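Visitor: Taken in sequence, the protein lines are chains A and B.
Each residue of the first sequence is one higher than the one before, counting from 1068 in this note's numbering.
Each residue of the second sequence is one higher than the one before, counting from 9 in this note's numbering.
Hints may be right or wrong, so weigh each one.
Stated by the list, open to error - Each pair of labels, with its calculated beta carbon distance range:
hint: 1; chain 1: A; residue 1: 1167; chain 2: B; residue 2: 82; range: 17 to 23 Å
hint: 2; chain 1: A; residue 1: 1208; chain 2: B; residue 2: 96; range: 19 to 25 Å
hint: 3; chain 1: B; residue 1: 10; chain 2: A; residue 2: 1201; range: 18 to 24 Å
hint: 4; chain 1: A; residue 1: 1241; chain 2: B; residue 2: 79; range: 15 to 21 Å
hint: 5; chain 1: A; residue 1: 1241; chain 2: B; residue 2: 89; range: 24 to 30 Å
hint: 6; chain 1: B; residue 1: 37; chain 2: A; residue 2: 1167; range: 16 to 22 Å
hint: 7; chain 1: A; residue 1: 1156; chain 2: B; residue 2: 104; range: 49 to 55 Å
hint: 8; chain 1: B; residue 1: 32; chain 2: A; residue 2: 1256; range: 24 to 30 Å
Said to hold, decoys possible - Where chain B lies over chain A, by a calculated footprint (3+ residues, C-beta under 8 Å):
hint: 9; segment: 1073-1085
hint: 10; segment: 1152-1159
hint: 11; segment: 1166-1179
hint: 12; segment: 1190-1199
Derived by calculation from the structure, the hints in this document are not laboratory data.
None of these values were measured; they are calculated from a predicted model.
For glycine and all other residues, C-beta sits at the position ideal for the given N, C-alpha and C.
As a plain string of letters, each chain reads:
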Amino acid sequence: MLPLWLGVAPFAVAYAVTARAAHLSLLETQFMSLSVFAGASQFAAAGLFGQGVGGWSIIATTFLLNVRHVLYGLSLAQQLPIHGWRQLLAAQFLTDEAYGVSVAAGPKQPGGLSLGFLLGAELSLYVVWNLFTLVGSLAGAFIPDPKAVGADVVFPLAFLGLLVPLLAGRREVLVAAFSGLLAWGVSRILPGGLTVLIAGLGGALLGAFLSTPQSRRKVKP
Amino acid sequence: MTPLLTMLGMWAVTFASRYLGLSLGGLRLPSFWLAFLRFVPISVFAALVVPDIASAPDALRRAVAALLCALLIWRTRQLAVGILCGFAGYWVLRWLGWLA
Chain A
1068 MLPLWLGVAP FAVAYAVTAR AAHLSLLETQ FMSLSVFAGA SQFAAAGLFG QGVGGWSIIA
1128 TTFLLNVRHV LYGLSLAQQL PIHGWRQLLA AQFLTDEAYG VSVAAGPKQP GGLSLGFLLG
1188 AELSLYVVWN LFTLVGSLAG AFIPDPKAVG ADVVFPLAFL GLLVPLLAGR REVLVAAFSG
1248 LLAWGVSRIL PGGLTVLIAG LGGALLGAFL STPQSRRKVK P
Chain B
9 MTPLLTMLGM WAVTFASRYL GLSLGGLRLP SFWLAFLRFV PISVFAALVV PDIASAPDAL
69 RRAVAALLCA LLIWRTRQLA VGILCGFAGY WVLRWLGWLA
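Build out the structure end to end from the sequences listed, making use of the hints.
Guide: Below is the structure:
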């Protein structure tokens, strides 16, 4: 878990600095970490708030970014049948990292993956994420005008940090290039929130089209 | 919409995504949509980065800093190293007044 906590901490700081640069208050910045608790979408929202994008576009982008959690839930539910309030609790704190650890290390525990193991992974990340959100918020408060001193450059840098490890093959690079260029083109005509939605959907569809026929081809002799 | 209302909406759609999967244990998605979901983060992250850099007044300087950051993260797999060096690189270029 330690590498995950160390990985999450600087990202939480970067999120908070971006959110403060977007003129969100200390309370608002913290509230997002306490409630939404989803790194990439919080970060995207902070950037979109900064660009003056409307609320519905931010919510729609959040949905697009977080709909992948359906997959994690489906996968976890196969190994860990839980119901009622336990399901609500496990759902609220579910993240990429907690899912990754639970699927990788959970089955090796005596008795297999347990709710305790999943919640331990989830809640420890929650504490680290919120603690370093506060640290970043306080540090961000000392930056006079983040745009003027160029602190807003942290935003694309941190997203590259998320993107680069995902570029595992040619298809992934192609999708990223396509989506980036599409977003650049669209952003000249439409507001920021719509740009991310259109390019995000377009890129993911391209990725799905590129993947599916190939896997079918492999099945045929 | 106030930021607080927007955040409540973000919370609702995020929680719904997390809860839906856990409550539908037996469902199987077609491979096309599994692939679609897998490519969403790649696609969205790229869509956030490129216009942000390209529309800045000092786009070239930011692009060089981003390239440095991406290369370092690719080589070291360390998020913090990439961000800090990219940021430092940007500041050095700014201080020197290059690539304005």
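Visitor: Tell me, in ascending order, the numbers of any earlier hints that this structure violates.
Guide: 8, 11 and 12
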